[in-house]
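Q: Below, each chain spelled out in residue letters.
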Amino acid sequence: MEPFQNFTGIVAPLDRSNVDTDAIIPKQFLKSIARTGFGPYLFDELRYLDHGEPGMDCTHRPLNPTFVLNDPRYANAQILLARENFGCGSSREHAPWAIADFGLRVIIAPSFADIFHNNCFKNGLLPIVLAPTIVDDLFARAGGPQALRVEVDLSGQVLVLDDGTRIAFEVEAGNKERLLKGLDDIGVTLEQAEAIRAYEERRRREAPWLFVAPPPGLGV
Amino acid sequence: MGAKTLYAKLWDEHVVHLDENGTALLYIDRQLVHEVTSPQAFEGLRLAGRRPWRVAANLAVPDHNVPTRDLAAGITDPVSKIQVETLDSNCAEFGITEFRMSDPRQGVVHVIGPEQGFTLPGTTVVCGDSHTSTHGAFGALAFGIGTSEVEHVLATQCLIQRKSKTLLISIDGQVGPGVTAKDIVLAIIGEIGTAGGTGSVIEFAGDAIRALSMEGRMTVCNMAIEAGARAGLIGVDEKTVEYLRGRPYAPTGELFEQGAAHWRTLVSDADAHFDRVVRMDAAKIQPQVTWGTSPEMVVPIGGAVPDPQDEQDPVRAEGIRRALDYMGLEPGTAIRDIRPDKVFIGSCTNSRIEDLRAAAEVVKGRKVADGIQLALVVPGSGLVKAQAESEGLDRIFTEAGFEWREPGCSMCLAMNADRLEPGERCASTSNRNFEGRQGQGGRTHLVSPAMAAAAAVTGHFVDVREL
Chain A
1 MEPFQNFTGI
11 VAPLDRSNVD
21 TDAIIPKQFL
31 KSIARTGFGP
41 YLFDELRYLD
51 HGEPGMDCTH
61 RPLNPTFVLN
71 DPRYANAQIL
81 LARENFGCGS
91 SREHAPWAIA
101 DFGLRVIIAP
111 SFADIFHNNC
121 FKNGLLPIVL
131 APTIVDDLFA
141 RAGGPQALRV
151 EVDLSGQVLV
161 LDDGTRIAFE
171 VEAGNKERLL
181 KGLDDIGVTL
191 EQAEAIRAYE
201 ERRRREAPWL
211 FVAPPPGLGV
Chain B
1 MGAKTLYAKL
11 WDEHVVHLDE
21 NGTALLYIDR
31 QLVHEVTSPQ
41 AFEGLRLAGR
51 RPWRVAANLA
61 VPDHNVPTRD
71 LAAGITDPVS
81 KIQVETLDSN
91 CAEFGITEFR
101 MSDPRQGVVH
111 VIGPEQGFTL
121 PGTTVVCGDS
131 HTSTHGAFGA
141 LAFGIGTSEV
151 EHVLATQCLI
161 QRKSKTLLIS
171 IDGQVGPGVT
181 AKDIVLAIIG
191 EIGTAGGTGS
201 VIEFAGDAIR
211 ALSMEGRMTV
221 CNMAIEAGAR
231 AGLIGVDEKT
241 VEYLRGRPYA
251 PTGELFEQGA
261 AHWRTLVSDA
271 DAHFDRVVRM
281 DAAKIQPQVT
291 WGTSPEMVVP
301 IGGAVPDPQD
311 EQDPVRAEGI
321 RRALDYMGLE
331 PGTAIRDIRP
341 DKVFIGSCTN
351 SRIEDLRAAA
361 EVVKGRKVAD
371 GIQLALVVPG
381 SGLVKAQAES
391 EGLDRIFTEA
401 GFEWREPGCS
411 MCLAMNADRL
421 EPGERCASTS
431 NRNFEGRQGQ
441 GGRTHLVSPA
451 MAAAAAVTGH
461 FVDVREL
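Going down the list, the sequences are from chains A and B.
1 is the number of the first residue of the first sequence in the UniProt record's numbering; add one for each residue after it.
1 is the number of the first residue of the second sequence in the UniProt record's numbering; add one for each residue after it.
Simulated from the structure, these hints should not be mistaken for laboratory data.
Don't take each hint at face value.
Looking from chain A toward chain B, a few residues come up when the C-beta cut is under 10 Å (computed) [what the hints assert, rightly or not]: (1) S17; (2) E53; (3) R83; (4) I115; (5) F116; (6) E177; (7) A195; (8) A198; (9) A213; (10) P215.
Glycine included, C-beta positions come from ideal geometry on N, C-alpha and C.
With the sequences and hints as input, model every part of the structure.
A: Printed below as a string of structure tokens:
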């Protein structure tokens, strides 16, 4: 994973709560066995007026003019501003894959669904939780005739608005390090291989019923 | 040692290593694998030259993409076909047991885990699927994960986790006749909201939960994710132990008894502290029907579609307005006056044998109403299907005009050919009524199997207790 670099980007305001992962990337696109190429289908049912199917060339599809990401003000937005419980529903990691593939790098919301929040950090995306009143204020600013530009400083855990306003945010230490260093989680965990083996040996003694072989005559 | 919650007991038993940053490396006992969220995980293993840490900890099954009829013809959608074949080849390559499409044990991943005794009390169970919370009905810590974490578990048998908050939901007293596990959990979500459990593990307790069968408990825990919770839990009792006895993957003989002795300790201690407690009166819970595009948009069958003008919060009011527009409903419409076009009985929420029995009991001697274009029954697994057929349930359904299909996820998320067309309205026993969930433009009303059956035979939503 690429390390997360501080940047300044445009904020696209998606003003609805409980945006679910079915809306972020509809089920027909989940048939892909690849990790990439989901960006053109991000928010497919909201973004286009026709029905999308995997493999479709999206460059000539009719766009929904009322959808925020089709608004010229928010072209090349890198920050998505959302309402409460963003990313609820299905655990599909295709949702953060699509968001990252589209070019978004930060999502700001008053709250996120747990699995989605977790999946973001595995894919170089930074989900930022801010108080509802601050989010309301950002919606007001981002909805103006001029797009709102925000500097995202992950190492300093602060957002800097174009008028100089600074908004501090929280991020769990482990997740912050993972993003800043672009760590491979599995490699890090395998450094604990001995502890995992020791745990397994103890469990085999203490809870042997967990390690019974699969039933005879079945399986591979 | 102070009194502990069930969650704390499960957590403590699985910590391999505590990091100074407050996260824990948690050991994972069981992983269920399906075709949609695993291909990129296996590909990651291959690219890194890694092998699964413990092959026997995994069990795989294709379910999301599988067709529910003409199985002999195979999968006609070429993209779906590749995905299922990729699961087959990945499992063969890495030595993971898979119940293939042709296997009589094939079915919805959250139906077959418990059915096979693969899910055991006191285990940690994960799957690249949010409805993994289902398995919490067994006193197992079970939660959905993304594909990166599927790969992580394959490679290390562990996950990096942070301890959740605890929420106790106690359903006190007993529900009335005709009120099911589905109605209980929909009522809970209506009460606490779809973000009510965010950051928490919910333990369901109280007399009404104790009174449920294991299958009913699975229905409740299945939808814990719809309340925003990572996992749902129910403490172990004799029903749990007896359900598992003799299941193919469960331990046998002395080892079973040894396990059972430990399993019986898997309950929250009497004076354990929960971060939050919600109590609900079981007797007040009525059969539920969702009217909107989020599971929290739910009312009792006697109720009506709400009016956004009555909502004070502007964001919520706009949410209601948008939902009514999508659902094609007017404020104030009585739920009984809503007429579905299709009926779907199935999904990891409600496709087990008791669900099919409950629906068949309503259907028996009746016919699917004229206005219903399609009424589908999709059993949760090949074994559920065989059991139902041995009881003659398939005949009851087909004689009434239902279609009796092969097992799979089917119209719950419409990745196969079973889907709603734009504007079509469905009475569904599944778990999500999101926009487009059952097909683009489709309109979903979540109900129990008995309520879905009642809607099918009357042509509109109706209180199953009055039939």
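Q: What are the numbers of the hints that this structure violates, sorted from low to high?
A: none
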